[in-house]
Amino acid sequence: MARLGIRCLRGKASIVDVDPQDEELRLQEILEYVMPYFEVCFEGNTPMAEHAEELYFTYLYNVSPWHREATFLKACRYALETGSVSEQPLLADTVCKAFLSVTLPRLVDLCDARFEADYDTVVVTYHDNGLFANVLQLLDALILAKPRATVLVDWQRQGQEGHFQYGAVGFDLFEHLFARTARCRSLGRQDLQRRAFDFSKRVNILFMNMLRGLIWGVPAKDFQALREGYHRAMKGALQPSPLMSRRVREVTETWPEGARVVGVHKRLGTNEVAACQLAQRNPPPLEYLAAAKAILAQTPPGVPQVLYLATDEVQTAEAFRKELPPGSKIQLCCREGVKRSRGGVRSDGIDNEVHRSPCRETDAEDALVDALCLSKCTDLVCIDSNLSIFVSMLNPQIRIHAMSHAVPPGWEEKAAYPSVAVFSSYRPGPETGPFRRTSTLAFPQHLRSRENEHPAFSAPRTLLLKKKVVVSGAGPAGLLAARSILQHRPGVELRIYEKRGDPRVEPTSGFRAYSLGLNIRGRKSLQHWPGLWEQVAQKGVLSDKFLLHVGGFQLQLRGNQPGSVPTLLLGRQDLCAALLEDLEQRFGDRLHMHFGESLEKVDLDGRRCVSSAGSTASYEDLIGADGVNSVVRRAMEGREGFRSEAVDLPGEFKVWVGPCPQSLEPLAVHAMASGEYSLFSIPRQDGRLCTILSWNKDPPSFLSDSDEQIATRVEKDFPSFGRPALEAVAQLLPQLASSATTVRANRYHDLAGRALLLGDAAHSTGGTLGQGANSALQDAVVLDRLLEQASQEGSVVQELGEEFSRRQQPEGLALWKLLQLPPKGPLSLAYLASQGLQGLLSRLSAAPRPVQSLLSETTTPYTAIIEALPSTASEIVGQAVYDQVVAATGRYWEGWVELVSGGWVRPQGGNSGCWAMEPLPDGMVSMRRVSQGELLIPEGPRLPRKRRPNEPLPSACCQAQTSSYCASTSLRMRRISAPRVRRKAT
1 MARLGIRCLR GKASIVDVDP QDEELRLQEI LEYVMPYFEV CFEGNTPMAE HAEELYFTYL
61 YNVSPWHREA TFLKACRYAL ETGSVSEQPL LADTVCKAFL SVTLPRLVDL CDARFEADYD
121 TVVVTYHDNG LFANVLQLLD ALILAKPRAT VLVDWQRQGQ EGHFQYGAVG FDLFEHLFAR
181 TARCRSLGRQ DLQRRAFDFS KRVNILFMNM LRGLIWGVPA KDFQALREGY HRAMKGALQP
241 SPLMSRRVRE VTETWPEGAR VVGVHKRLGT NEVAACQLAQ RNPPPLEYLA AAKAILAQTP
301 PGVPQVLYLA TDEVQTAEAF RKELPPGSKI QLCCREGVKR SRGGVRSDGI DNEVHRSPCR
361 ETDAEDALVD ALCLSKCTDL VCIDSNLSIF VSMLNPQIRI HAMSHAVPPG WEEKAAYPSV
421 AVFSSYRPGP ETGPFRRTST LAFPQHLRSR ENEHPAFSAP RTLLLKKKVV VSGAGPAGLL
481 AARSILQHRP GVELRIYEKR GDPRVEPTSG FRAYSLGLNI RGRKSLQHWP GLWEQVAQKG
541 VLSDKFLLHV GGFQLQLRGN QPGSVPTLLL GRQDLCAALL EDLEQRFGDR LHMHFGESLE
601 KVDLDGRRCV SSAGSTASYE DLIGADGVNS VVRRAMEGRE GFRSEAVDLP GEFKVWVGPC
661 PQSLEPLAVH AMASGEYSLF SIPRQDGRLC TILSWNKDPP SFLSDSDEQI ATRVEKDFPS
721 FGRPALEAVA QLLPQLASSA TTVRANRYHD LAGRALLLGD AAHSTGGTLG QGANSALQDA
781 VVLDRLLEQA SQEGSVVQEL GEEFSRRQQP EGLALWKLLQ LPPKGPLSLA YLASQGLQGL
841 LSRLSAAPRP VQSLLSETTT PYTAIIEALP STASEIVGQA VYDQVVAATG RYWEGWVELV
901 SGGWVRPQGG NSGCWAMEPL PDGMVSMRRV SQGELLIPEG PRLPRKRRPN EPLPSACCQA
961 QTSSYCASTS LRMRRISAPR VRRKAT
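Counted from 1, the sequence shown has number 195 at position 195 by UniProt numbering; the numbering is strictly sequential.
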């Protein structure tokens, strides 16, 4: 509903209807922050203060969202609000007095419609400060002056300057650096008769000295609107001179085409620079470098990386050149011939800054060229400075990474592990006196040292810090684990390190473009969190058909069964994007994402980790969800009682994404194989197919042919697939072949190191059973349920680690055992066909359901599936015998253990006996079952030997039994001359 309001135009007040949008800013409320300062600013002149209050209220009340100063005032309101709640009286005083004595009067003079007719020109006179302090003053004039007004700049040296000393006396610096435009030009003699407004100060309080640090905290939406407002004011009005434009081109032309360029602006390390920072800190050079490297680490593969360094400090240029020598992956661009300083203090007591000494015009040129080059970057690493603010306004799209923290990265670790006792320098005073240090500073009575605890205060006061949890890996398991911990532990601050980029923006290519299937296990897991399944389901396509193509026929292994739940097919990146979006919306205030940065080293004893960017983080709990090559699992491998195995599966694969051939059903999964390679196609939400081309031995010879020849070959081998699109086939050649890895471990936690493994980091079947993502989501659900029942304090791993391993390790091992069921090679398709036939029989009769159906269409635990199989199959590769064989011999490959004789043995565990491979003269091997008592696994380092007559069988003896599953007693196969040893057992 419209309301009545006062609108003053051209000095005439009238009552008008005010649209609700007109008053949404409610900028008149700003006066509440500065009200106590009216009498101070007007030096006790009460009538003048009251008149100013009325004037300012009327003006602010009438500012609408479309007014040129609206975004300006919203940012100022943030600064005033921040100062008022900061509990820092000096900050509150500074921001309120500056706004009331400088900002508001200039706004009324320039923007209030009642007074706009009083000027037609704004003269910007330099103030005795640095170049970019005056540039920001000019930006204020451009954004606040009415559109029809001309902005004239007076930057001619008078000779008495202490800071603005560019060029000789009378030199016009503006005319030298910038081009004349219709809106803005240098002041000339002919302009002296104009009705001019003298603009001699910066007006925006966020541009003023220490207050500049507040600008990076302006809410993102308001900050972006502020940047775009200044950008519009500059566009077409403030243009570099031809000389400056040429010098900038000379720099940017050295950057590779399409490169990601991160700019770094490092100010001189002097006391004055630090004092002008809101955080009162000027970080060292290597801290800037680490921040820039972390940003560049998110660069997609194949994109050149450039770091542009703008600094007036000699030490910074030297440090960057040392760390990034020629030939580095990151190309360093740091201009030569620029005047720089080593800091310190001059003999006259003034900081030894470049721009505080007599300068030439070339020094101003260098500063402007640096700023213009920085504006061409994609990202800017900086602290509070006039130059950095100018760059952010000149290019409103550049991403700002302000190093405005009051303490350096890694301070948490230093605080948690102090090198000296916190109170070691204090001594107790008299019983009735305060605690005193050996200096003259006094402290409260109740503070006492650890050695002399006071009854009323038995422990020293410490900072109330949130508990730190680190998650390695931002896959489905890592993101859901983070959600559960943040939800059930409100005192936790959580960091996630992910070596890849943000899944919401990073382009997919190669094997990362593959799609995965969430069956009923994955669906039930996501439905554990209300609304999460619906968010994820929007990213994929539901499918209930699995078609096996054999020759000219197709066998439907699954589809359209009554009561069946369709599988959700979606890209892994889409799944992670949905989970991440939900996580940030709920817990963004306690969540820190580190994309393009992975953990490289984990110290479980010290509970700290080092990232690829060189930063160190201490942790209360560490969650390893970093896949088959888990850094966390690698750190656990040396721990007492922990054993794990990671084995590369035979074969490799490549992926392409292209249009669905007309010959294939668009919403079905398709599998087909020839003697040389196989195709596995998964539908996507956009109607295209994600096709995995895989092989078991050598890569297909045609992969090195032209795209046209590859398409022809696929069409010939698989008529039912048809001819793939050339743009899809073109994705194969530049792509490196990928392989799959299986993982198993005997436990998923480390109590002393407070580490926990989830998902592929703990158990993996290499994707061959279609259970990778589904089992990872089940891990996350179990963790969430355990957290629901636990307290909200203490370590997650110490409270829940053992129980999590007790529940999930048997499931992971059972899934690994199920991987042994399908035969490898050409017989794999026959196995799938038999599974399809068994599924058909199970629907027509009381025959048991096939294993693949139990995996993908039910939530039957993996352990229950294994237990329901025949005994010999249920004990494939028994853990006890396997561990003893490895302990005796030490070298293994895919479950096969090397013997001194040169042969290999594969223990089958329990009552299922062993297989043995023995070399034959013709380069072949013989593989046979080992009969009862033939092979012993003695204790200690001795190797297996035959049992002596009447020797009792130890518990670790392999006893062989026959079964329909392992009926053959010999098999001739190609000898593996150099087995791949993935990792040595401990």
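Bear in mind the hints are in silico, worked out from the structure with no lab data behind them. In this text, a Cβ means the ideal position worked out from N, Cα and C, and glycines have one as well. Any given hint could turn out to be false.
The following label-pair restraints were derived from C-beta to C-beta distances [said to hold, decoys possible]:
(1) Ala275 - Lys339: 20 to 28 Å
(2) Thr125 - Gln88: 28 to 36 Å
(3) Gly159 - Glu581: 57 to 65 Å
(4) Asp502 - Glu53: 42 to 50 Å
(5) Glu87 - Gly162: 34 to 42 Å
(6) Asp120 - Glu54: 36 to 44 Å
Results for each hint:
no.: 1; hint: Ala275 - Lys339: 20 to 28 Å; result: holds (23 Å)
no.: 2; hint: Thr125 - Gln88: 28 to 36 Å; result: holds (33 Å)
no.: 3; hint: Gly159 - Glu581: 57 to 65 Å; result: holds (60 Å)
no.: 4; hint: Asp502 - Glu53: 42 to 50 Å; result: holds (48 Å)
no.: 5; hint: Glu87 - Gly162: 34 to 42 Å; result: holds (35 Å)
no.: 6; hint: Asp120 - Glu54: 36 to 44 Å; result: violated (27 Å)
Of the numbered hints given earlier, the model fails hint 6 alone.
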